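Each chain, written out:
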Amino acid sequence: MTTKEILKIENLKTYFNTWAGIVKAVDGINLDVKEGETLGLVGESGSGKSVTALSILGIVPRPGKIIDGRILFKGENLLEKTESELQKVRGKEIGYIFQDPATSLNPVLSVANQLTEVIIRHQNVTKREALEKAIELFKLVEIPDPELKIWNFPHQLSGGMKQRMAVARALSCQPSLLLADEPTTNLDVTIQAQILQLMKTLKEKLSMAMILITHDMGVVAEVADRITVIYAGRVCETADTRTIFYKPRHPYTVALLTAVPSLALRKEELAVIPGAIPNLIDPPSGCRFHPRCKYAKAACAKEIPPLKEIEPGHFVACIRASELDIKSPLGV
Amino acid sequence: MSDRHFLEVENLVKHFPIYSRGVLFKKQVGIIHAVDGVSFSIDKGTTFGLVGESGCGKTSTARSILYLDPPTSGRIFMDGEEISEIFISKNKNKILKLRRKMQYVFQNPYASLDPRMTVADIVMEPFMIHKHIPKNEWHDKLYELLELVGLEDYHAERYPHEFSGGQRQRICIARALAVEPQLLIADEPVASLDVSVRAQILNLLRDLQRKLDMTYLYISHDLSTVRHICHRVAVMYLGNFVEIADTDDLFDSPLHPYTQALIAAIPVPDPEVAKKGRSALPGEVPSPINPPKGCRFEPRCIYAKEYRCIEKNPQLIDVGNGHLVACERSR
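Respectively, the protein sequence lines represent chains A and B.
The opening position of the first sequence corresponds to residue 1 in the working numbering, with each subsequent residue numbered one higher.
The opening position of the second sequence corresponds to residue 1 in the working numbering, with each subsequent residue numbered one higher.
In short, the hints are calculated from the structure, not lab data.
Since the structure is predicted, the reported quantities are computational estimates derived from the model, not experimental observations.
Any given hint might turn out to be false.
As the list claims (entries may be wrong) - Calculated pairs, BS3-like style, for lysine-lysine (alpha carbon to alpha carbon, straight line, at most 27 Å):
#1 B:Lys276 - A:Lys34
#2 A:Lys247 - B:Lys275
#3 A:Lys200 - B:Lys275
#4 A:Lys34 - B:Lys275
#5 B:Lys276 - A:Lys200
#6 A:Lys205 - B:Lys276
#7 B:Lys293 - A:Lys149
#8 B:Lys293 - A:Lys4
#9 B:Lys293 - A:Lys203
As the list claims (entries may be wrong) - Quick list of simulated restraints, FRET-style, between CB atoms:
#10 A:Leu324 - B:His132: 47 to 53 Å
#11 A:Asn113 - B:Asn91: 23 to 29 Å
#12 A:Lys205 - B:Leu68: 35 to 41 Å
Beta carbons: idealized from backbone N, C-alpha and C, even for Gly.
All chains, full assembly: derive it from the sequences and hints.
See below:
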């Protein structure tokens with residue numbers, strides 16, 4: 001590949017040491033993001049999407065701990081940095097949009113206060129200049145009457161406006177990487193379309209890379225250049241968006257695509273992935289998807305499938321990937 | 001009133017008063033027009049979908065029908081009986097009898113189950129209230145219900161926190177089915193669940209309807225699940241219905257500009273289609289405290305200027321095949 005990798009995660013393991021046992025939330029994840037690219041990180045709840053993002057920023061909540069792996073951001077290992085060094089990266093180099101705008105904003109501080117806080121922290125500016133910058137940002141994320149709205153408190157803004165404000169805050173220092181953790185999950189479809197469009201245009205304008213975390217296949221289809229599918233703390237499949245949708249090789253990717261109710265394909269019965277996500281304290285041996293996989297055979301329960309490159313840029317972690325002939329529900 | 005309509009709602013209105021702060025000088029300062037005159041009917045054994053953005057009055061409509069929040073005005077008939085009269089009469093026996101006929105499955109299975117009760121307690125509580133089956137049959141009925149919703153016998157002694165979201169929703173459904181209701185109101189039953197589990201619950205609801213001949217009122221903001229489960233769909237915007245039609249009719253030929261915008265806004269899980277981008281509807285839902293005078297959708301509507309939409313709120317008109325639409329353009 002000619003383009004440079006801005007972020008590379010190697011064999012990341014983040015465990016939570018709880019009274020019930022060790023929760024292996026992230027168990028050896030490998031992924032990489034190239035400059036100016038949008039990577040979609042897809043998986044169900046509890047698959048380790050958010051923990052991966054929090055690990056990148058080094059803000060895994062207790063009792064979580066990163067126990068192994070490397071996170072290379074612009075060639076430097078973030079895990080070797082001290083807290084004060086990390087603080088210079090967070091917010092400035094890597095922006096973060098949290099899942100729920102209602103809880104990620106401070107209810108007792110005005111929007112202006114929360115936005116200028118980030119700007120003053122990372123840039124050498126006065127309060128007044130910071131405020132001007134904040135108003136500029138509000139214009140960028142298309143909030144009407146920015147001069148007035150900036151003095152509002154979060155409860156005075158609607159969900160869509162709050163999410164726009166969160167986008168503005170994440171972009172305030174022009175980061176080179178944006179982590180967006182389910183940025184549209186709590187929003188109505190019409191507002192969701194607005195926010196996604198906004199993020200797409202801003203990404204191009206500021207030429208940054210983005211990791212979009214979501215469980216919505218429709219959203220990644222629209223925004224992502226490449227997709228990494230993760231299940232129970234491990235990567236199942238990584239490939240460019242078209243390959244994931246039209247030529248997936250991992251049974252879990254196919255199952256995810258089939259389970260989505262689609263307007264175009266009205267089926268009598270929705271295809272179901274039997275069972276539920278495994279308990280991560282005592283995950284299934286071997287391939288973690290094997291208890292729910294209809295193609296599983298005895299060997300799947302024994303060995304952990306390695307992430308293999310079966311085509312250039314197409315990685316699959318399934319020992320039967322080459323022999324199985326699975327069809328995408330979208331047809332080819 | 002034809003016999004096949006199981007539930008009939010006429011001109012339902014639900015307003016919430018807003019009061020100023022204070023105790024002594026508390027006075028009404030405004031009204032939230034949550035539901036502003038909706039009428040519809042549901043045939044027996046079918047599913048009626050209620051779609052709209054958050055805050056448009058879907059849940060208020062459902063809660064008014066069950067008298068969880070008594071409606072401000074309007075008439076509701078169930079099985080030919082006017083239920084508002086029964087509730088106003090305050091006849092406890094009659095109300096209890098009526099409640100047995102209609103049940104509610106709430107949106108969030110994490111909040112709607114008592115964490116200190118076991119599954120058996122939760123599912124058997126309705127038996128205790130309604131006393132419709134003798135006590136010695138309670139346990140048989142409990143296991144029958146658990147089997148019906150796809151849970152195992154040994155789950156009965158467990159507490160809600162031991163279950164996943166999908167399983168919790170199954171418990172909620174079992175609890176609702178305990179009184180053998182004829183009408184089930186499902187308020188976004190899959191909104192908080194994962195995609196792979198969502199399909200399980202939707203299939204379960206559909207199977208149960210076939211088996212027990214139940215009538216559903218299905219509330220959702222997710223149009224793709226609505227297409228899968230509903231026979232007839234109403235689109236709601238700011239307390240009004242803007243369009244009612246049979247499901248296929250609505251999705252194949254939506255007439256109201258709002259319905260068209262909603263359908264266009266659904267993300268398509270297909271990169272070929274999705275990369276072209278969606279047409280985003282500009283603006284947000286106006287406040288229901290001071291709704292627009294004319295057509296409520298007029299401020300966001302792209303066609304509004306061509307027609308006189310600002311003065312009059314259009315009524316639902318039948319344009320054929322039971323397809324009702326409230327828009328000046330379809331006149």
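These are the hints, each one checked on the structure:
no.	hint	verdict
1	B:Lys276 - A:Lys34	holds, 23 Å
2	A:Lys247 - B:Lys275	holds, 17 Å
3	A:Lys200 - B:Lys275	holds, 11 Å
4	A:Lys34 - B:Lys275	holds, 20 Å
5	B:Lys276 - A:Lys200	holds, 12 Å
6	A:Lys205 - B:Lys276	holds, 18 Å
7	B:Lys293 - A:Lys149	holds, 25 Å
8	B:Lys293 - A:Lys4	violated, 56 Å
9	B:Lys293 - A:Lys203	violated, 39 Å
10	A:Leu324 - B:His132: 47 to 53 Å	holds, 52 Å
11	A:Asn113 - B:Asn91: 23 to 29 Å	violated, 57 Å
12	A:Lys205 - B:Leu68: 35 to 41 Å	violated, 48 Å
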